[in-house]
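Colleague: Going line by line, the protein sequences match chains C and E.
Numbering of the first sequence is given in this note's numbering, commencing with residue 1 and proceeding in unit increments.
Numbering of the second sequence is given in this note's numbering, commencing with residue 1 and proceeding in unit increments.
Hint data in this document are derived by calculation from the structure and do not stem from the laboratory.
Here the structure is a predicted model, which is why all the values come from computation and not from measurement.
Accuracy of the hints is not assured; some may be wrong.
Result set (DSBU-like, lysine-lysine): computed pairs, CA atoms no more than 35 Å apart in a straight line [stated by the list, open to error]:
1) Lys187/C x Lys16/E
2) Lys16/E x Lys118/C
3) Lys118/C x Lys187/C
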Amino acid sequence: MSAAATHDDIARFNFLANFNKYMATAVAPGNAVAFRERAEPAWIRQQGEAPQTRSEVRRAMAPDPHYRFWSALRRCGMEMRQQAGRSLVLRQKESLRDRARELNARLPSGLRLDASIKIPRYQSELDNHCMPGSYYAEYIDADVSAAANYDAGMFATTTGLFGRYLDGAGRGTAAWLQRTRPGWQPKRILDLGCGVGHNTVPLARAFPAALVVAVDLAAPMLRYGHARAVGMGVDNICFQQANAEALPFEAQSFDFIYSTMFLHETSHVALRNIFGEASRLLAAGGVQVHLEQPPYRGMTAFEQFMRDWDGYYNNEPFWSALHETDLPRLLIEQGYSAEAVFETEIHAMVEDEMPKVGVETEDFGRGGLWYACGASSQGAST
Amino acid sequence: MNPQLLELVNAAASGKRPHFFGDADVDRLLAIVWAMAGELAVTRERLDTLERLLAERAVVQRMDIDAYRPDPQAARERGEWQMEYVARLLRVLQQELDALRAASGEGGRGRTTSD
């Protein structure tokens, strides 16, 4: 279930992937040099002390030519990735739609769309990470082009760090669950903000006897995600259109609830509602875990500044706030004891030939290593 | 690709486009230069495929390409193409000069007396 690419389409993505990799490994590290050698000394000459916060680092770096070029090129790369993806998928949107329809029809119980779902303001206000039309725009009836574009270009943006099938976070989560709860077989799993199901499929495969319910706001993502999963021979996922702030499921009806890189695309209010729903839906003896980029606490002002770039320049309006939010405290507010709440790290699990974080340099905020925060519910597992 | 589809392909994401240089025109220029860099890579990759296929099928070896020297006719045609290519790229400079010349009564090269 992917778009048919020509030689030139593939070459565009090859260029972007290598460009992004060069940016991450050769150009981005120059910002630290520029800061140390130029921006910080200049700031100290003017202000009498080193910049203390990421906001001061941003002001100190704003005039620096290396930072300007890195930023401007990084933005160009994001825009070109969208253009390349759109020029690939929009010309074949009808055939992609037909292919998705055909695969959707093979397992109709696995796709539940709900036309009454409204796109909340935190999604409609800005097109997330510079995707024109965001996740949900439909140019034709039953369109899947937004999802096909997302799927086609993500490899170029993440330069292989998320794995060949972009499922490194899901595979990492399944491995973490199998390691921390050996032998445990959750019966019902819930993936919040599933997108095209990159990280849903690995959980469905790791627990073939379980039903995985994957929710998202955007119908194109769900149609495509379902078709993609069916095409991969996975039949235990139900893709359901729903708002994770108000889910149409019974209390305590899921043993394992998770999200991957989802929360930073919501809002302060939505985040609390989502944690409220996840906590309501979690069965006794179950566990919820949410993967995100690491929080800013404990980082130098410079590293915070580098990781904050997407919040300013890549249409990620909640990015900065989420990185400063005390997620464990929000889970405790849902009624969990401090002992039931945990923080951990989950690594992307990727194919041997793919680059690894720690070996390869991470592109700030884009690496295959996540901070995870979660909570276990009391009681015996059913 | 039809014009309407091309417009949709090239659509911007909602939200203000940031600029990082003192003059936003520098950001615009960089966006154009970088799009060109991308398209050059695309052409280079196509050429690479072509060379490899030709070599694989024993039509032309890559060393033949490096050893190739154009005859006078081919060299002239290439030269003409290069001149036309550069003129296309530097159109904006010509247009400004045309305007200056027109203002001084010299008449712009890019315009005919009848238009």
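Colleague: It remains to establish, for every hint, whether it holds in the given structure.
Modeller: Now for the hints, and whether the structure bears them out:
1. Lys187/C x Lys16/E: violated, 45 Å
2. Lys16/E x Lys118/C: With a Cα-Cα distance of about 24 Å, the restraint between Lys16/E and Lys118/C holds, given a limit of 35 Å.
3. Lys118/C x Lys187/C: holds, 30 Å
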